[in-house]
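Q: Sequence:
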Amino acid sequence: MTVITTQTVRPHPGKASLQLNNMKDVVKAFGDMGITSRISRVLFGPNAGCLVFSNFASNFAEAMTSTQKVFSSEMWSKVQMRLDDNPASDIVIPLNIIRVAAGEMKPSHRVMNFRWYLMKKDKVPQVMGMFEEVKAMCEKVDVNPVLLVPVTGDQMSSMVIAYGAKSLADSGKAFDEMGMTEEFQSLVQRAAEVGELSSAWMTVPADE
Numbered sequence: 001m002t003v004i005t006t007q008t009v010r011p012h013p014g015k016a017s018l019q020l021n022n023m024k025d026v027v028k029a030f031g032d033m034g035i036t037s038r039i040s041r042v043l044f045g046p047n048a049g050c051l052v053f054s055n056f057a058s059n060f061a062e063a064m065t066s067t068q069k070v071f072s073s074e075m076w077s078k079v080q081m082r083l084d085d086n087p088a089s090d091i092v093i094p095l096n097i098i099r100v101a102a103g104e105m106k107p108s109h110r111v112m113n114f115r116w117y118l119m120k121k122d123k124v125p126q127v128m129g130m131f132e133e134v135k136a137m138c139e140k141v142d143v144n145p146v147l148l149v150p151v152t153g154d155q156m157s158s159m160v161i162a163y164g165a166k167s168l169a170d171s172g173k174a175f176d177e178m179g180m181t182e183e184f185q186s187l188v189q190r191a192a193e194v195g196e197l198s199s200a201w202m203t204v205p206a207d208e
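Residue numbers are given in my numbering: position 39 of the sequence shown equals residue 39, and the series is strictly consecutive.
Since the hints were derived computationally from the structure, they do not count as laboratory data.
Ideal Cβ placement from N, Cα and C applies to all residues, glycine included.
Treat each hint with caution, since some may be false.
Unchecked claim - SDA-like cross-link-like pairs, simulated, lysine to any residue; straight-line CA separation at most 25 Å:
hint : residue 1 : residue 2
1    : Lys123    : Met156
2    : Lys173    : Val160
3    : Lys106    : Leu168
4    : Lys15     : Glu104
5    : Lys173    : Met156
6    : Lys121    : Pro150
7    : Lys140    : Pro107
8    : Lys69     : Leu168
9    : Lys24     : Met119
10   : Lys166    : Lys123
11   : Lys120    : Pro107
12   : Lys121    : Glu104
13   : Lys140    : Ala169
14   : Lys69     : Pro13
15   : Lys166    : Met156
16   : Lys140    : Leu168
17   : Lys123    : Lys15
18   : Lys121    : Glu133
19   : Lys121    : Met81
20   : Lys106    : Val27
21   : Lys24     : Gly45
22   : Lys15     : Met1
23   : Lys166    : Pro46
24   : Lys173    : Gln7
25   : Lys15     : Pro205
26   : Lys106    : Arg82
27   : Lys78     : Thr65
28   : Lys106    : Gly14
29   : Lys140    : Glu182
30   : Lys121    : Ala101
31   : Lys78     : Glu182
32   : Lys123    : Ala102
33   : Lys123    : Trp201
34   : Lys78     : Met130
35   : Lys120    : Lys140
36   : Lys135    : Glu196
37   : Lys106    : Lys15
Stated by the list, open to error - Beta-carbon label-pair distances, calculated as ranges:
hint : residue 1 : residue 2 : range
38   : Gln155    : Leu187    : 18 to 26 Å
39   : Phe44     : Gly14     : 39 to 47 Å
40   : Arg190    : Phe44     : 19 to 27 Å
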């Protein structure tokens, strides 16, 4: 299991580079503390242009221990002072926790296409079965599917299917070779009977 703590911010006009550099400094500091962090940029969708900061842990105990370590550190106090002295962004989606319900995150497949479905928890068994079908299709086009569920936040009766590719070009190729097929579209129609597609967006790495 992977547990992810994540926050999304929108850089102030003229401060996008400053905000990204600040976040990269935090990634390095977290790395020195033994915490794996990543920065992504929302390329398409409702929050296009925003930056997403995420921490990854292998279980909830590790995630909470890391959070406690950060919030009690001298480094975090300095970050808070910097935010007060020279803010460079606004919080769009506050710090929340999500977990991987199926599949696994791969650092090689970080161009992500997210599809957020609203659905009741009693639909989970059906979703898990459909995920295995999706996974089989994705293997043919080198796409890494991951099923995510919220632990905190709004719209708790929801799930996100994320399709990871190695590059934008690979993602586009997967859209054409898998996403437009009759087999996949049939699966999309079945998914619509289980839940409502509420939102979709794409992110790319911003820390490379």
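Q: Go through the numbered hints given earlier and state which of them the structure violates, listing their numbers in rising order.
A: Hint check: 4, 5, 8, 9, 10, 11, 14, 15, 17, 19, 22, 24, 26, 28, 31, 34, 35, 37, 39 fail, others pass.
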